[in-house]
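Going down the list, the protein sequences come from chains W and H. Here our numbering is used: position 26 in the first sequence is 70, and no number is missing along the way. Here our numbering is used: position 126 in the second sequence is 131, and no number is missing along the way.
Calculated directly from the structure, the hints in this document are not laboratory data. Incorrect hints may have been included.
[What the hints assert, rightly or not] Residues from chain H that face chain W, not an exhaustive set, calculated with beta carbons under 7 Å:
id: 1; residue: M40
id: 2; residue: Q58
id: 3; residue: S133
Don't be surprised by glycine CBs; every beta carbon is placed ideally from N, CA and C.
Listed below are the residues making up each chain.
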Amino acid sequence: MIAGLLLSLLLSQTQHAPQFAGSQPLEPALEARAQALGKQLRCAVCQGLSISDSPASMARAQLDTVRALVTEGKTDQEIKDYFVARYGDWALLAPPAHGFNWVVWLGPLAMVLIGVAFIALMFKKGSPTAPVAETAPAPPADDTDDPYLKAVRAELKR
Amino acid sequence: MKRMWVTIAAAGLVGVLLLVLAKSFGTNPRAVPFMMAGQPAPAFVVKNLQNGQRVSMEDFKGRPLVINFWASWCGPCKTEHPYLEWGARQFGDQVQFIGVIFEDTEENAQRYLSQHGTSFPQMLDPLSRMAVDYGCSGVPETYFVDANGIIVDKHLGPIDPQALTAQVRNLLARGNPQAANTGGAK
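Just chain W, with the same shape it has in the complex (with noise of 0.2 Å):
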């Protein structure tokens, strides 16, 4: 009850408010164009997610921007460009893979590849088919001289 009336608050103070303006999906072909764009843009208010999936007011006001673009008639390109020129290349949920948003795109590869090369190369140093059985073992340490091992050896046999 507590936690319901405390939602309740919440939602009223923040981003998170009830739909009030008027946006209306469009017809089929382009309602599932403008949702597929807005699959790929970020909502200015959400932590990761699309303005397609947040239920943000802001996303809210993106998606019928979509919209309108699609209606006008903008290609996709376009209508990512538009978003770009306002928020940057941040307002895309997958980073276009130019300057240094190739370590973004590369870096999780070349993990990859070094921890193959990682694991091969231990598995080369321990490999079974190393002579290690032909290799004579090693003679006893002489610990004739070993003054400790002399006192104990004279302990034991006490």
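Start from chain W and add chain H according to the hints.
Leaving out everything else, chain H in the frame of chain W:
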């Protein structure tokens, strides 16, 4: 030889990680970039809430603008409302203040303004196209547009009198350096 390659690979890996840290450390990954600074303010056509008239950017040509995006359901907007009212009284003869209602109904906005009062025009932006055109990332947000129609800066969150005064003086300085010196609080 093998040892050398392992060392080079490890050094390369550490180098890349350091590059990522150097690039990203100290920045807020949730901060939305503001790409509209220095860009021409997008044209808009909205409806004046008070008299129902159509209003466009052309109507304010040649005047510096303070554009505030707000909503009646937004708590921080209530906090900044008195400061915007104060700002409109102090600087309204030199700078045009405009309120833009974001993701809200006309009735709620009217009720809110009848309770809190308003001394500057309030616009309806039903599908929030103007807000997104300006790169708005939530409310409240206040944009500062100079007399040449260039977006100079924006203030995220509720604005206070100090920030408002500094931003307005900056706007006035861009249009008329002498006005900036006399355009402070009356």
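Here is what the structure says about each hint:
Given hint, M40(H) at the interface with chain W, holds; its Cβ is 5 Å from that chain's nearest Cβ, closer than 7 Å. Because the smallest distance between the Cβ of Q58(H) and any Cβ of chain W comes to about 20 Å, over 7 Å, the interface hint for this residue is violated. Among the interface hints, the one on S133(H) holds; its C-beta lies about 3 Å from the nearest C-beta in chain W, closer than the 7 Å criterion.
The structure fails hint 2 only (numbered hints given earlier).
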